[in-house]
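Asker: Dock chain to chain to rebuild the complex, using the hints, since each chain is given by itself in its own frame.
Taken in order, these protein sequences are the chains called A and B.
No gaps in the numbering here: position 238 of the first sequence is 238 in our numbering, and each next residue is one more.
No gaps in the numbering here: position 208 of the second sequence is 208 in our numbering, and each next residue is one more.
One or more hints might be untrue.
Unchecked claim - Below, computed lysine-lysine pairings styled on DSSO-like, alpha-carbon distance capped at 30 Å:
{"id": "1", "chain 1": "B", "residue 1": "Lys-154", "chain 2": "A", "residue 2": "Lys-56"}
{"id": "2", "chain 1": "B", "residue 1": "Lys-70", "chain 2": "A", "residue 2": "Lys-141"}
{"id": "3", "chain 1": "B", "residue 1": "Lys-121", "chain 2": "A", "residue 2": "Lys-56"}
{"id": "4", "chain 1": "B", "residue 1": "Lys-70", "chain 2": "B", "residue 2": "Lys-121"}
Hints in this document: simulated from the structure, not taken from any laboratory.
The chain contents come next:
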Amino acid sequence: MTQSVHPVPPDTFLWEEMLPGGCHWSGLMRRGTALRIADTGGRANLSALFVRADEKLERYNMPDTLKAQHTAMLTRGHALYSDMGRVMCSITADTRGWHDTIGGVSTDAGILARHGAAPYQTHRNTMHRSAEDGLLIELGKYGLGVRDLMANVNFFSKVTVAGDGTLHYVPDHGAANDWLDLRFDMDVIAVFSAAPHALDTRADYAPGDVVLTAWHSGPADAADACRNACPENQRGFYRTDLLYR
Amino acid sequence: MTTFNLVESKLTPDTAVYDQVLPAGEGWLHPIRAGQTFRILDLEGNQAVDTLFYSADDFTERYSATETLKQDALYLTAGSRLVSSRGREMLTITADTCGRHDTLGGACSAESNTVRYALDKRPMHSCRDTFLKCLWQYEGGHARERRAVGAFTKRDITANINFFMNVPVTPEGGLEFADGVSAPGKYVEMRAAMDVLCLISNCPQLNNPCNAYNPTPVRLLIWD
Ligand SMILES: [Zn+2]
Numbered sequence: 001m002t003q004s005v006h007p008v009p010p011d012t013f014l015w016e017e018m019l020p021g022g023c024h025w026s027g028l029m030r031r032g033t034a035l036r037i038a039d040t041g042g043r044a045n046l047s048a049l050f051v052r053a054d055e056k057l058e059r060y061n062m063p064d065t066l067k068a069q070h071t072a073m074l075t076r077g078h079a080l081y082s083d084m085g086r087v088m089c090s091i092t093a094d095t096r097g098w099h100d101t102i103g104g105v106s107t108d109a110g111i112l113a114r115h116g117a118a119p120y121q122t123h124r125n126t127m128h129r130s131a132e133d134g135l136l137i138e139l140g141k142y143g144l145g146v147r148d149l150m151a152n153v154n155f156f157s158k159v160t161v162a163g164d165g166t167l168h169y170v171p172d173h174g175a176a177n178d179w180l181d182l183r184f185d186m187d188v189i190a191v192f193s194a195a196p197h198a199l200d201t202r203a204d205y206a207p208g209d210v211v212l213t214a215w216h217s218g219p220a221d222a223a224d225a226c227r228n229a230c231p232e233n234q235r236g237f238y239r240t241d242l243l244y245r
Numbered sequence: 001m002t003t004f005n006l007v008e009s010k011l012t013p014d015t016a017v018y019d020q021v022l023p024a025g026e027g028w029l030h031p032i033r034a035g036q037t038f039r040i041l042d043l044e045g046n047q048a049v050d051t052l053f054y055s056a057d058d059f060t061e062r063y064s065a066t067e068t069l070k071q072d073a074l075y076l077t078a079g080s081r082l083v084s085s086r087g088r089e090m091l092t093i094t095a096d097t098c099g100r101h102d103t104l105g106g107a108c109s110a111e112s113n114t115v116r117y118a119l120d121k122r123p124m125h126s127c128r129d130t131f132l133k134c135l136w137q138y139e140g141g142h143a144r145e146r147r148a149v150g151a152f153t154k155r156d157i158t159a160n161i162n163f164f165m166n167v168p169v170t171p172e173g174g175l176e177f178a179d180g181v182s183a184p185g186k187y188v189e190m191r192a193a194m195d196v197l198c199l200i201s202n203c204p205q206l207n208n209p210c211n212a213y214n215p216t217p218v219r220l221l222i223w224d
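For reference, chain B alone in the conformation it holds in the complex (with noise of 0.2 Å):
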């Protein structure tokens, strides 16, 4: 049996600086600047929010899974770094009372989803789409983030977190989408380091079992 590390946050709604509701299968693209603490809420519980970060001073400084595998374990949770592709801290999970986050499992595609569910899934809503519709569409924030967004492109789509999705590996290098870890009201709070501009697909996946086939929606939180 695993025991996780729950640590709980002081903040509360009433004086975060933002406070929005992001239904499942819709994108969000928003800067977090350095010092501000960054919640997600699963709302309904098991939702996964696949999210990736930027430097908000140059894209192509972004979140990289491997870098972050390097330093932390390969669960994400309180405690752990959020490193970029030139191993610079972005962010830092400062509270968590899910326990477990993946790093490794990337979005669904609609190109993935013919691959691992059957070849006429491609039709369905995927995380990648999402993303891609995001770059297109932002058109919030400062001036420099604008024309980062604009040059943004697939190129820039890496392995991404998967909050509150549980993906186990064994010691024999065996890897499964096991049942969710996360429930109503769980939450995974994380803190700035340098000014970021964050990317979120509210997974829209309909075949994986883990999610009991119900996307939901999240609630996102920003305090200064």
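Next up, chain A with everything else stripped away, as it sits in the complex (with noise of 0.2 Å):
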């Protein structure tokens, strides 16, 4: 597949791979690599969940991320912790500006409930599969399990908190052909299901496709913006470097 969407440098790219709506993908993603994922469609929601790979214990942390960089959502010069104070990836480019960090996955339950049974003998590979199922699956694949589900990001989604505590999924947050670039500062297996949110109260069961395309961007240098975004970050990034010494 040649690339089509956001093309990157020809020099530095790798692959390319549409992730169709409700579908599920993983793959080892090495240190200064990075993908540019995109919503081609604009109500696309990406779940996603990473693994260090030679560590599977080591995993993206959703507390240490929020609080090492005080924010409860995601966007450019945000970076991704594990659960060992290092930086797994970051984003070092986005169009759409709020990635969901607390929402959580939808189960199969939760899409059964808003959307009624379309099981595979009667829809075929146009079912309803949830972002749990998903990432179990992916997860799966490495030998893990129900376990290593933790609390996952959300791309393309927003949720935000009232004055009072109660949360709001956003619907109309997305505009076609947004993208993000996710740079990956470990070598990390990266986990994910493009099933919809699972606050998303849309009726329809209408998860957007996304592409991904993979590229070398080469590691964060003295000057990146995401190490230098905080004196955290640069501890982090500093932390995570040792690792690759």
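Answerer: So this is what it looks like as structure tokens:
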């Protein structure tokens, strides 16, 4: 497949793959490579988990990511931390501006309650799938399971918190062809599901497609914007660099 | 000004079947049976009580911060259901004189302390170290619980509740560790809907001003 969506410089291009809405994907992403992740239709949700490739007990940690950067959402300049005080990957570009960290995953029971039954027998590959199902299937390919289903990131989705603490999903948050660049700062297994967000209130089951374009970005240099976004990230990137000396 | 829905308990300590003080920096792993009521009392105020729950029957079912958030609001208080990774109610908060508890902030660890505060903070005691120590030290409970605990590892330490912690999120998506809203004598009480194992680290964090750099003991009580 040749690159088609938001092209990267040809000399850095590695591969491109379309992840249809509702489907799941995983792969090894090495330090110094990046994914340009595009929401081609404007209503995609990409539920994501990250596991260190050579030590699967080290994985994306929502609380440490939020605490280190004093944020409840993710966008350009933010790092995604592991539970060992290291940066697994970081967002170096972003046209959407808000990615959800607290909404969790849609479940089979939730999708059934909202959209009714649509099994493979009658719907083939347009069957209704949940994000939890997709993530667990991909985790299973590495010997991982329900104990590894941590609080995840939902790229492209927006959930706000009102002053009284109530959560609000924002259904019209997206525009077609929004994209972000996710640079991998460690050797990481990325686990994705493009099924709907757990709090998506829209009546139709119509999760959007996601296009993944992999390229060589190189690791974060001394002047990197994510590294220098705050003193916490400088220390987090320093600790990450120690792994690769 | 946020108003909290404060609910007092009718239970008194003299009828409790379990009553123990847990000093700061200590861990606690203890069963709570379905139908029992569990109280955490903040003896000196603004202490963070990092807490996880596991189903006593199947430890792969555990407290889930995101499943809990899906059904309630961001902050936990009286009426909040604590929901498992399988979408089931584990416990419900039945009384709360503090008014707000955090389920986003997670536990401190030696490694995250180096990121949040300074590279030389790694030797300081942390909640994740306490959690890990609890998992191999536990000897109480029934045989099925001991089996479950023997199988616990760091793999099973997920995003936890911080009772008495105040971690507000702004409408713009900012997050801060605000001054505590707890005080000496405030408590939170919850009734178990299933047999659970409760894992607590009474936080030893010395770098965060929200506890005035002074971790303090809590009192743990259980009623049948
Ligand atoms: Zn702690």
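Asker: Does the structure break any of the earlier hints, and which numbers would those be?
Answerer: Result: hint 4 breaks, nothing else.
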